[in-house]
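Sequence lines, in order, name chains A and B.
Per the numbering used here, residue 307 is the first one in the first sequence, and the count goes up by one each step.
Per the numbering used here, residue 155 is the first one in the second sequence, and the count goes up by one each step.
Treat the hints with care, since some could be wrong.
[Said to hold, decoys possible] Reference listing, derived: stretches of chain A covered by chain B, where coverage requires no fewer than 3 residues with Cβ under 8 Å from a Cβ of chain B: (1) 359-373; (2) 395-403; (3) 409-416.
Read the hints as simulated data drawn from the structure, not as lab findings.
It should be emphasised that the depicted structure is a prediction, and the values quoted were computed from it without experimental measurement.
Every residue, glycine too, gets a C-beta built ideally from N, C-alpha and C.
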Amino acid sequence: KAGVTQTPRYLIKTRGQQVTLSCSPISGHRSVSWYQQTPGQGLQFLFEYFSETQRNKGNFPGRFSGRQFSNSRSEMNVSTLELGDSALYLCASSLRQSSYNEQFFGPGTRLTVL
Amino acid sequence: GESVGLHLPTLSVQEGDNSIINCAYSNSASDYFIWYKQESGKGPQFIIDIRSNMDKRQGQRVTVLLNKTVKHLSLQIAATQPGDSAVYFCAEKGSNFGNEKLTFGTGTRLTIIP
């Protein structure tokens with residue numbers, strides 16, 4: 307079974323631009339969560355999507371948004387990029403069938419904002 | 155607020171020796187605790203988990219210990235190998251169904267000395 311895939315793997319943008327990252331979950335997984343990883347803040351939860359609806363949200367500004375499609379693929383968007391948005395963006399998928407579901411992470415998208 | 159932290163940011167261990175990575179958490183309502191391994195250029199990889207009603211769980215070469223009295227979690231890796239070199243994160247999750255959010259610790263870099 308294929309793992310979680312994320313595209314693109316690397317991205318360079320300039321301040322003020324916007325960016326869209328994509329995540330394809332493991333087949334059959336309907337929950338997709340997004341995390342931001344930086345050296346200073348570590349791994350921080352952005353949001354989770356399930357059945358095309360945002361179910362949980364972390365403490366990030368409204369510039370960070372996402373969506374999920376009917377095939378469970380998810381995208382996240384960051385508008386008006388700031389230097390501090392440079393990070394590794396990870397997505398994780400799970401079955402979401404019980405109170406605890408193992409989450410499987412993708413390799414991440416490395417975003418650099420210049 | 156809730157937080158999960160690690161005592162040591164770096165740990166160097168001789169190949170073949172056992173290693174112990176520690177983690178402190180502050181949310182007494184956490185129900186699940188998970189250890190992840192992250193190698194360079196990859197996303198976090200699940201190692202082992204433990205539920206709050208347990209105090210020990212063993213896997214292949216790994217053991218997780220949970221001490222709820224002092225809110226402490228540890229990961230023991232037996233007979234370390236060069237492939238164990240990575241950053242290790244502990245994470246915690248609440249018991250409520252429908253919230254996939256994981257709260258991660260800051261990470262410990264484990265280096266295996268040949």
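Hints and how they fare:
1. 359-373: holds (count 3)
2. 395-403: Per the Cβ count (4), the hint holds.
3. 409-416: Three-residue rule met by the stretch 409-416 of chain A, so holds; n is 6.
In this structure, every one of the numbered hints holds.
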